[in-house]
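Residue numbers (my numbering), protein chains in the order written: chain A, 379 to 671; chain B, -5 to 392.
Keep in mind that a hint or two might mislead.
[To be verified] Ranges of calculated distance between the beta carbons of each label pair, as one might list FRET restraints:
hint, chain 1, residue 1, chain 2, residue 2, range
1, B, V334, A, I482, 47 to 53 angstroms
2, A, P663, B, R92, 51 to 57 angstroms
3, A, I656, B, P346, 53 to 59 angstroms
4, B, R92, A, F481, 25 to 31 angstroms
5, B, N372, A, A445, 26 to 32 angstroms
6, A, V531, B, E387, 55 to 61 angstroms
7, A, I656, B, E164, 39 to 45 angstroms
8, B, D162, A, L448, 46 to 52 angstroms
9, B, E134, A, F481, 55 to 61 angstroms
10, B, T88, A, D558, 19 to 25 angstroms
11, A, C460, B, A292, 51 to 57 angstroms
Derived from the structure by calculation, the hints contain no laboratory data.
A virtual CB, placed ideally from N, CA and C, is assigned to each residue, including glycine.
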Amino acid sequence: MELFVQLLANTLQIGAVYVLFALGLTLIFGVMKIVNFAHGAFFTAAALIVTSVVPFATVEFGVPLWAGYLLAAIVAIVVVLCLGALVYGIGFQHVLKDLNGSFILSIGLLLILNGAYLAIYGGAPRTVPQVLPGTVSIFGAALTAQRLALVIVAAVVTGGLYLLIERTRLGLALRAVAMDQEAAMLQGMPFNRVALYGFLIGAALAACAGVLMAPINAVTPVSGDEFLIKAFIIIIIGGLGSVTGAIIGGLFIALIESMGGYFFDPSTATLAMFILVIAFLLVRPQGILGNVE
Amino acid sequence: MYTTNWLRPLGAAALTLLLAQAGAAQETLKLGISAPLSGAAASWGLGMEWAAEQAAERVNEEGGVTANGKTYMFDIVSYDNKYSATEGARNAQTMLNRDGIDYIAGTIGTAPVRAMQALTERKGVILFTTAWGKSVKGPEFPFTFTQMNTPFEILVPFYNFIKEQHPDLETAVLISPNDATGQELEPVAVETWKSLGVEMLASDWYERGTTEFQPIATKIASLNPDIIDFSAAPPTDVGSILKELDVLGWNGVKVMSAGTSVDALTAVAGEAAEGAYLGASADFSGETATEVQKELNAGAREALGEPLNGITISSYDAIMALRAAIEEADSVDPAKVQAVLSSVRFESSYGPSGFGGEATYDYPQQMLIPVIVTRVENGKAVELTRSNPAELEALIND
Chain A
379 MELFVQLLAN TLQIGAVYVL FALGLTLIFG VMKIVNFAHG AFFTAAALIV
429 TSVVPFATVE FGVPLWAGYL LAAIVAIVVV LCLGALVYGI GFQHVLKDLN
479 GSFILSIGLL LILNGAYLAI YGGAPRTVPQ VLPGTVSIFG AALTAQRLAL
529 VIVAAVVTGG LYLLIERTRL GLALRAVAMD QEAAMLQGMP FNRVALYGFL
579 IGAALAACAG VLMAPINAVT PVSGDEFLIK AFIIIIIGGL GSVTGAIIGG
629 LFIALIESMG GYFFDPSTAT LAMFILVIAF LLVRPQGILG NVE
Chain B
-5 MYTTNWLRPL GAAALTLLLA QAGAAQETLK LGISAPLSGA AASWGLGMEW
45 AAEQAAERVN EEGGVTANGK TYMFDIVSYD NKYSATEGAR NAQTMLNRDG
95 IDYIAGTIGT APVRAMQALT ERKGVILFTT AWGKSVKGPE FPFTFTQMNT
145 PFEILVPFYN FIKEQHPDLE TAVLISPNDA TGQELEPVAV ETWKSLGVEM
195 LASDWYERGT TEFQPIATKI ASLNPDIIDF SAAPPTDVGS ILKELDVLGW
245 NGVKVMSAGT SVDALTAVAG EAAEGAYLGA SADFSGETAT EVQKELNAGA
295 REALGEPLNG ITISSYDAIM ALRAAIEEAD SVDPAKVQAV LSSVRFESSY
345 GPSGFGGEAT YDYPQQMLIP VIVTRVENGK AVELTRSNPA ELEALIND
């Protein structure tokens, strides 16, 4: 029993970040109908900024670690939003609803950003001290306080996004544009502005994931790439453009990783994910909750 | 007009001198480095690049290397192989076809090295490597030379020493990266542990680039082995697994056969790294280190923020071997240099060295250096023991 609680706890820990990351990707696809391979670069940017702001604030200004981390989180999210607005203005707004164009643009952007991170930060892994040290036990499952905080914050952010999508005018506009862009525009919705907001929300979600992961894993200029691959698997399984699908898909992939890693090994679990994606693409290409177009 | 008569020969002499100088400046030998300069294993690549630059600087300061009456200066050119075969092949194409490089002074990773060999062996380019795979060595790869100890030199003395320190060890779990390096190391590690009477409870694989290690840590903790051997896993990955194991309360003997960068390891694992045995590290600031190693180590600490280890210092030794071989061959033709490299004697950072390993690889292409066992104590690598391979002993006593 204790073992299954531990595996469940592992699933939630892993899934929390996957969900946040995949939500941004699926939101961008849903609203703009583009694939953004540079999404991982937003995650990486935020995590790298945390690794430089935290030591700077704590060592240079003697700020307590928690305050330094909060400051770093704000700086990271603001910088990523600015970066998001910049790349949207320069590139993505010109390839809306253009899968081929967005594919080429985002791959190029990814290479440029990864190269820039490498030039600025170097290739060596960077670490941040744990803001919440210590271990907690929940029904016999052991997890670090830092991981627990990550799960809680990720759940709050996901809940917030769900409320934003379901209960606000912006959410209504995002849903309307995602369902039928032309009909939404005929109703007076400014598509370009809604697309920009959708893109920025997606970038902010990736930044949140990066900020949360920085004190847990070593950060490198390519950290986001591994999450990007998983995120694509998640949104294919959950359904491209579906917010609920991204949540289900994220937790499902985390469950495979947790159970597969335990009962077999991590390599087998990774292989199982790819086989699952192939199966979905063959049998149900729209994913669990996606729409057939 | 009188002045003009003087100016002409003076101008001609100056021009000749300038041309001669320009000619001399062009006598530069480019030495390639292909190593991971980004990602989890970046600390290995960045250290190797730095040590190579120091070796080149030292050779150049000492007047360069002379062959056939000409003096050559070394110049280091580095490329990021990202620990992948694709990038390794790309690095080889760029170095050989674009940069015209005839000597590769350092490479890391069996998969990228295998990819590079397709080109280097065909074109007769000398390739030094730290790759742990046995498949990159042998008479069919005469231009490849190993610049550090590999499992066939390390594992027996390393595991023997650990078993002597902990005679009650009975069970082990091996976790290996699922690539060419891990796949070639795994059977050797399993067999060696078995020969010491240690039962292998599990031998699992993970993909390089994995970010979440809780599942494998949960599995290992539930098996509760006496030893966990992290095989060829880089320090950042080992640090992540050790951190998770610490949360789950496992506290056995930690073994890193390819254990090197203690700073990278402790940065991730913190105190969970304490007591880990390292097979490829060294304390280059300790009593047993040579003056060269102490100097290089201090410089690396200042430049890179972490000390050198068995992998990173190997490019220095490769360049010293190369200098000796070029001078011995009296040529910069890689075929002539290759012909003498197996028998050349040179001064490595460890002391007198040469190449051997014919009994293991059917070709003398293994650099002979001591096997050093270290352990993480108070966040530093502390040397516990060292042993010289028999061939190295013979070479020293010769």
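Okay, the hints, checked on the actual structure:
With their beta carbons about 51 angstroms apart, V334 (chain B) and I482 (chain A) fall inside the hinted range of 47 to 53 angstroms. Distance hint check: the CB atoms of P663 (chain A) and R92 (chain B) are about 43 angstroms apart, inconsistent with the given range 51 to 57 angstroms. Distance hint for I656 (chain A) and P346 (chain B): a CB-CB separation of about 57 angstroms, consistent with the stated range 53 to 59 angstroms. Against the hinted window of 25 to 31 angstroms, the Cβ-Cβ separation of R92 (chain B) and F481 (chain A) comes to about 29 angstroms, which satisfies the hint.
At about 29 angstroms, the CB distance of N372 (chain B) to A445 (chain A) agrees with the hint of 26 to 32 angstroms. Distance hint check: the CB atoms of V531 (chain A) and E387 (chain B) are about 59 angstroms apart, consistent with the given range 55 to 61 angstroms. For I656 (chain A) paired with E164 (chain B), a C-beta distance near 42 angstroms keeps the hint of 39 to 45 angstroms intact. Range check, D162 (chain B) to L448 (chain A): Cβ separation about 48 angstroms, and the 46 to 52 angstroms hint holds.
Remark: the range hint 55 to 61 angstroms for E134 (chain B) to F481 (chain A) is contradicted by a beta-carbon distance near 42 angstroms. Range check, T88 (chain B) to D558 (chain A): about 49 angstroms between beta-carbon atoms, so the 19 to 25 angstroms window is missed. At roughly 41 angstroms, the beta carbons of C460 (chain A) and A292 (chain B) sit outside the given window of 51 to 57 angstroms.
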